[in-house]
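A.B. asks: One letter stands for each residue in the lines below.
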Amino acid sequence: GQQVMQIPQYQHVQEGEDFTTYCNSSTTLSNIQWYKQRPGGHPVFLIQLVKSGEVKKQKRLTFQFGEAKKNSSLHITATQTTDVGTYFCAEIIQGAQKLVFGQGTRLTINP
Amino acid sequence: DTEVTQTPKHLVMGMTNKKSLKCEQHMGHRAMYWYKQKAKKPPELMFVYSYEKLSINESVPSRFSPECPNSSLLNLHLHALQPEDSALYLCASSRQGAVTEAFFGQGTRLTVV
Chain G
1 GQQVMQIPQY
11 QHVQEGEDFT
21 TYCNSSTTLS
31 NIQWYKQRPG
41 GHPVFLIQLV
51 KSGEVKKQKR
61 LTFQFGEAKK
71 NSSLHITATQ
81 TTDVGTYFCA
91 EIIQGAQKLV
101 FGQGTRLTIN
111 P
Chain B
1 DTEVTQTPKH
11 LVMGMTNKKS
21 LKCEQHMGHR
31 AMYWYKQKAK
41 KPPELMFVYS
51 YEKLSINESV
61 PSRFSPECPN
71 SSLLNLHLHA
81 LQPEDSALYL
91 CASSRQGAVT
101 EAFFGQGTRL
111 TVV
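Residue numbers (our numbering), protein chains in the order written: chain G, 1 to 111; chain B, 1 to 113.
This is chain B alone, in the form it adopts within the complex (with noise of 0.2 Å):
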């Protein structure tokens, strides 16, 4: 299994919701990320977690929230966003340490309306 799943494919929701994202992967990697890509640009990093401690946030505003609360399991809260938040989300994993690939889930395309 090389999959990365993230649920759900397609996100519409207000500005005073809360949801959430998540994403999964059974290839025993330990380090897992969270981009954030708008059209025609290139993913942006927005956190990292590493053996299931969040290692990297790239001064993320706090109305996004991660959780990792397994070695399989990503999650990502919103909370209060904004239009410009619309985006496609990304989920990756890789193994931990050595320089090596990293797998992308299909995304969730989000429309904060």
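Here chain G stands alone, though its shape is the one from the complex (with noise of 0.2 Å):
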């Protein structure tokens, strides 16, 4: 079944510095949310995304849905130590209502 890939699996950076993950799909995605998961956490809801080419913003976090709806990608704009966790995206297979996640991305943040 469609699958999203995820990269990079794990990614470290200085407090201050951006950090930017993406999603690829082989084939055209109908929506795309983005979970954070901090460590020993569950899942959260960040954001959906569904139209070809939307951009959302959520403070420092900038969500893009790419044109052809076969990538996504989630950019934060001068890192925190709070922003620490694994960043997922995921897609609703719809009809179906399954939520299929990417591996996700480690985001570690040295302060």
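By construction, these hints were calculated from the structure, which means they are not laboratory data. Keep in mind that the hints are not guaranteed to be accurate.
Claimed, not checked - In silico SDA-like pairs for lysine to any residue, Cα to Cα no more than 25 Å straight-line: (1) LYS40(B) - SER52(G); (2) LYS41(B) - GLN103(G); (3) LYS41(B) - GLU58(B); (4) LYS38(B) - ASN70(B); (5) LYS56(G) - THR2(B); (6) LYS38(B) - LYS56(G); (7) LYS9(B) - ARG106(G); (8) LYS40(B) - PRO61(B); (9) LYS36(G) - LEU46(G).
Work from the hints to combine the two standalone chains into their complex.
C.D. replies: Shown next, in the form of structure tokens:
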């Protein structure tokens, strides 16, 4: 079935540096969601993208959905220690009510 | 109330034990899910309930038996588990039909000895 590939698997940055994680699919995605999971925590919904070329911002976080709806990215500007965690993209397989996660990008930050 | 509550938080069980994981939500969501998550891996879908009926079983072994007694509750009955079943078990819920966010519980960290 469809699966989103997420890169990189790990990213370590200095506090204040930017961070980007990417999700790619070989097929057109109907939508993409992003979740954050803190160490020892559970996934928490961040955003949903549905439209081709969509860009959404939440404070220092910028989410993009590609024009062809085959890729998406999450960019964090000027990381803070509170940004530590694993960021997952996820696709809902419509009709099946299935939420399928990418492999995740684990972000660690040097204060 | 935007919470999904899971009990217990931690569970250690032997391979011959029978135990149950519980999940509760009061958001009126009619889609509920069980996920399994191993360390450093993404959550893997196990079961989906839609309007209290099992709609998806991702080829999960029969030693895992889900149950949805009503629209607010979801159980996962465990019997004769193996050590490789040790993982974080996450419950989630979402509105039925619309493409919308899923709310996850804190999870049950299960260790099979």
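A.B. asks: Run every hint past the structure and note whether it holds.
C.D. replies: Hint check results:
1. For the suggested pair LYS40(B) and SER52(G), the alpha carbons sit about 31 Å apart, so the restraint of at most 25 Å is broken.
2. Simply put, LYS41(B) and GLN103(G) have alpha-carbon atoms about 7 Å apart, close enough for the 25 Å limit, and the pair holds.
3. Pair hint LYS41(B) plus GLU58(B) holds up; C-alpha atoms about 17 Å apart against a cutoff of 25 Å.
4. Of the pairs offered as hints, the one joining LYS38(B) and ASN70(B) is violated, with about 28 Å between alpha carbons and a cut-off of 25 Å exceeded.
5. Proximity of LYS56(G) to THR2(B) is assessed by CA-CA distance (about 23 Å); at most 25 Å being required, the pair is judged to hold.
6. For the hint linking LYS38(B) to LYS56(G), the alpha-carbon distance of about 31 Å lies beyond 25 Å, and the restraint is violated.
7. Distance hint between LYS9(B) and ARG106(G) is fulfilled; the C-alpha atoms sit about 24 Å from each other, no more than 25 Å.
8. Taken as a hint, the LYS40(B) and PRO61(B) pair is honoured in the structure, with Cα atoms around 22 Å apart against an allowance of 25 Å.
9. Taking the CA atoms of LYS36(G) and LEU46(G), the gap is about 7 Å. The hint holds against a cut of 25 Å.
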